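Enquirer: The primary structure of each chain is shown beneath.
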Amino acid sequence: MTALLEARDLNKAFGGLQAVKGCSFGVEQGSITALIGPNGAGKTTAFDIISGILAADSGRVVFNGEDVTGLLPHSISRLGLSRTFQITRGLGELTVLENMVVSSPSGGLRNLLGSSILRRERDRAMELLRFVGIAELASNTADKLSYGQKKLLEFASVFMSDPKVVLLDEPAGGVNPALLERIMDRIRRLNEKGITFLFIEHNIEMVMHLSDWVVVMAHGEVLTEGTPAVVQENDMVLDAYLGRA
Amino acid sequence: MPLLEIDNVVAGYGAGPDILNGIAVHIDADRSYCIVGPNGAGKSTLLKVVCGILRPRSGQIRLDGLKVSGMRPDQLLAKGICFVPQEQSLFSEMTVRENLVMGGFLIRDRAVVADRMTQVLELFPALREHLGQLAGRLSGGEQRMVALGRALMMDPRILMIDEPSLGLAPLVADQIFSTIVGFRQLGITVIVVEQNCKRGLENTDWGIVLELGTKRFEGSADTILDDPRMRELYLGTSVRRGDAR
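In order, the protein sequences belong to chains A and B. According to this note's numbering, the first sequence is numbered sequentially starting from 203. According to this note's numbering, the second sequence is numbered sequentially starting from 684.
It is worth saying that the hints were derived from the structure and are not from the lab. Don't take each hint at face value.
Said to hold, decoys possible - What follows is a set of in silico ranges between Cβ atoms, one per label pair, in the way DEER data are often shown:
1) A698/B - D211/A: 22 to 30 angstroms
2) A337/A - A852/B: 31 to 39 angstroms
3) R391/A - R740/B: 53 to 61 angstroms
As the list claims (entries may be wrong) - Over the 10 angstroms line for every Cβ pair with chain A, so calculated as not near, a few chain B residues:
4) A712
5) K750
6) M777
7) L804
8) Q878
These figures come from a predicted structure and were not determined experimentally. No residue lacks a Cβ here, since even glycine has one placed at the ideal position from N, Cα and C.
Please model the complete structure; the sequences and the hints are all you need to start from.
Expert: Quick look at the structure:
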């Protein structure tokens, strides 16, 4: 097994707060890897660095054998790494379909060619919307969607760029149990097709039942990592959550 | 009769899902409480419902046996229910003195306001020298003191504090908590929500553990951390090795 994505000794401080401190971990090709830890552990900051939204103070990000440290998000996305955000940010006045197409990497080219949506993109978008179960909403504006539907839209849209690895920031945040089941099922199915996942999640049942590897962060550092069963039995992890560490 | 009864309360935000799912909690006047539970358990939401910022979708809240659910925050404040939110809530462009005076905005009698201010400054002597400074210029710990002091201006019966230690250095967090412990002498029933379970439970009498919007269990604060249910709650129900997928 090789790591498709690697964080190497990442450091990031905000003022006096060292949010991420010597953080190193790898995401194996074909895995579903969870990044967990108590609030303030630095998980989202690590995500932001990996996806190019934040510049690290030091450290490297290696993706698919290539050093992508310091690249801008769209460049990283073009190499095959996409992400969602904790807070769903749909473009409210656009339709669901338009939101999907905006996420596609040929967006810039399309702007040059005019406003017509390329047929191939449209087909791909509809296929993904069917896959997550909101195809019938394609022509609705995004601001009419329920919270759960917005989550599904954002989830679907990251696959428009045909990513190799997808970073999900709290895919289950605020969704009901039925929707959670659907999201977990879709992640599994996409994973079987070869997409690698790294996700941050507080729903611990989802973490333990979906992932095959769990990286635990606390106080900006990687506390431990292992299979769900091993992490679950680790007293250090429990102590970190309860503030005993 | 309990001081405060929360009966089968269901609540959520906007059109979003229910965060509180029929929660039932009784609060006695002569105890201090710490509410703990993993992310998304509904801890902060519970405080917001009790103080009237969020209206329950169903269920009832009673103070001294009388229904108070559905009342506005200012009406509940007048009845002695006060809330100190987690987020920055001070008027940062106003002085410390002005912030404290604002805490007593419901009090008509200026002499009473002046008396309360004197009492607050006895509790937080460190604020004396900052009275004329803009609140936004103070350190995180000092700002937390102003927020607590401002809450005390109404001489509350129930003081609910969301994450008193959030973002504070450990030593400062300990100072804040030792002040909060002292509120008992003022006859105030304190309810804190605290991410750091250990610190919160060490400084209160009774722990209430929430999970997915309901009460999982409760007990004497010193028994909570070692309860085996905490592991399950924070690290998930046991997954056997190789059984994770």
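Enquirer: Could you check the structure against the hints above and give me the numbers of any it violates, in ascending order?
Expert: 1, 2, 3 and 8
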